[in-house]
Amino acid sequence: MIRLDGVGKTYRTRRGDVVRAVEDVTLHVEANEFVTLVGPSGCGKSTLLKLVAGLTPPTAGAIHIREQPVREPFADAGFVFQQPVLLPWRSVLDNVLFSVEMLGLDSRLYRKPALDLLELTGLGGFETKYPRELSGGMQQRVAICRALLPDPSLLLMDEPFGALDAMTREEMSLELLRVWEERRKTILFVTHSIPEAILLADRVVVMTPRPGRIARILEVGLPRPRTMELEFDPRFKAVSEEVRGLIFARRSVPR
Amino acid sequence: MIHRRLVSEYLVPAATLVGALLVWEAATHALRIPRFVMPAPSAILAEGWDWRYRFLGHAWVTLYETLGGFALSIAVGVPLAVLIVYSPVLRSAIYPLIVLAQSVPKIAIAPVLLLVLGYGEIPKVVVAFLVAFFPVVVDTATGLAATPPELLDLSRSYRASAFKTFVKVRLPMAMPFFFAGAKVAITLAVIGAVVGEFVGSDKGLGYVILSATSYWKTELAFSSMILLSLMAIVLFGAVALVERLVCPWLTPAADE
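Residue numbers (the numbering used here), protein chains in the order written: chain A, 1 to 255; chain B, 1001 to 1256.
Hints are computed from structural coordinates only; laboratory data are not their basis.
Cβ atoms here follow ideal geometry from the backbone N, Cα and C, with glycine treated the same way.
Treat the hints with caution; some may be incorrect.
Claimed, not checked - Covered stretches of chain A (in silico footprint by chain B; criterion: 3 or more residues with CB under 8 Å from a CB of chain B, positions within the stretch not fixed):
| # | region |
| --- | --- |
| 1 | 5-14 |
| 2 | 69-78 |
| 3 | 95-109 |
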C-alpha cells in the first residue's frame, strides 16, 4: 500500500540552518496493516507522516501509495493530530462532516454515517453540542470520527492520544483497535509511548533522532483482539525491552 | 442564587451611582459651588430636558458621523487584514504605513482634513474612520493568522481550495478577534466624530459642548457629554449583541 524508498527530508530554518529531519527511510506498509512509529521527540516522526500525506515533498528518495508516486496531497487519507483542532463554532456533528465538506462531497448524504460513527465511538447524543462542552478525550473522538467519515483507506495519526491523561489514553487505544477491527484500514500511528506502540501495532518502527532514521522494524507477534492484560505477557515484555534498548542504547554512547 | 446575582450585578452598581449623584448634588449646594464651575446633577438634567428636541438633531449628526466612520473602518480594515495575512510582500508594504497612520495624532490631522474636505460631515467621518480602523486591522489580522497549522494541513490534505479554507476555516476562526477590534473601534469612532466637530462644525454633540462652554453654559456641556457617553455605550452594546448573534459558540450555555 505505502512504499517509502530511501526517503529523506532536509529543510532550512529561518535562521538558515539546515535541519535533516528524516534520512534514508525505507518502509513498506501492507494494506490494512497497523504500523506504529515510536521514538524520542525530534526524530522526524511527524515529518514522515506529512511526507506520506503529500503535504510536503521529500528531498530524497521516493514515496508511492498504491504504486502511484505521491506528488500532491493524498485525498484518500485521514489525519488525526495531537490536538483535536475542532472548529469551535460547529456542533459535534458538523465538525465530523467537515472532512466530507472540504473534500467537496455532498454532506447531506453523510449525516447518517456521521451519526453512526459518533454512536460507534460512544458519542451518541452529543451531536448538537459544541466542542468546548466536551472533555479532551471526547473531542479527540470527534476528530477521529471526522477523519474516518470519508472512509479513507489510510489513517495518519500523529500522537493522537499524546495530550490525554493516562487512563483516557488506554481507553482510547482499545477503542481505536475496536473501530479498526470493524473498519479495516491502513494506519500509520506516531507515538512516543512504547507500550502504546506495541499494544496497537502489527509492526513497530523504532526511530532514532537527528537525523530521523529507522533503527529497526519489529514484528509484534501478539494475538488480536488485544487487551490491556497483554502488558504482562512475556512476549510483550520482550518486544518492549528490545524497543527500549534500541532507543536508549544510542543515548549512553558519548558523541 | 438568582436573587444574589441580581443584587451584586445590578443593585450594587446602581446604588453606588445614585449615592455618588446625591453626594454631588449635596456638595454643590452645601459648598455653594458656582454653577458654571460644577453644576448640580439636577441642573444638568433640567437643562438636558429643556434641550431634548434640539439635542435630537445634534445627536443624529454625531451618530451618523460615528457610524459612517465605523462602517468605513470595517470596509477598509478587514480587506487590509486579509491582504496582510495572505501576502508577505503586501504585509511588509502595508504594515509600516498602517502603524505610521496610527502614530500620527488624529487631532493634528483633523484641521488639515477640514481644510481639504470642507466643512461638512465628510471630514468628521474620515477622522472617525482614521481613529477606529487600526484595532480592526490589527485584531482581524491576528485572528486570521491564529488558525492552528494543523487545520490548514487538514484542509490541504482534503485538497480544499484556498478560498474554501478561507471561508470555512480562517474567517470564522478570526471572528472573535474581529469583534474584539470592532468593539474598540466603535467607541473610538465616537471620539473621532467629536474631535472632528471640535475642529470646526455647526452641528453635532461635540459642537454643542464647544459652544456651550464658550457661553459658560456648563450644564449644557455636561448634558451633551452624558448623551455622548450613552450613545457610545449603546453602540458598544449593539456590537456586542451582533457578536453574540454571529458567534453563539462564544456565549456559555446556561447552567442547568
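Taking the hints in turn, this is what the structure says about them:
With a cut-off of 8 Å between beta carbons, the region 5-14 of chain A has 0 residues touching chain B; three or more are needed, and the interface restraint is violated. Only when three residues or more bring their CB closer than 8 Å to a CB of chain B does the claim for the region 69-78 of chain A stand; here the count is 5, and the claim holds. For a cut-off of 8 Å, the count of residues in the region 95-109 of chain A with a CB near a CB of chain B stands at 6, and the three-residue condition holds.
Going through the hint list in order, the structure does not satisfy hint 1, though it satisfies all others.
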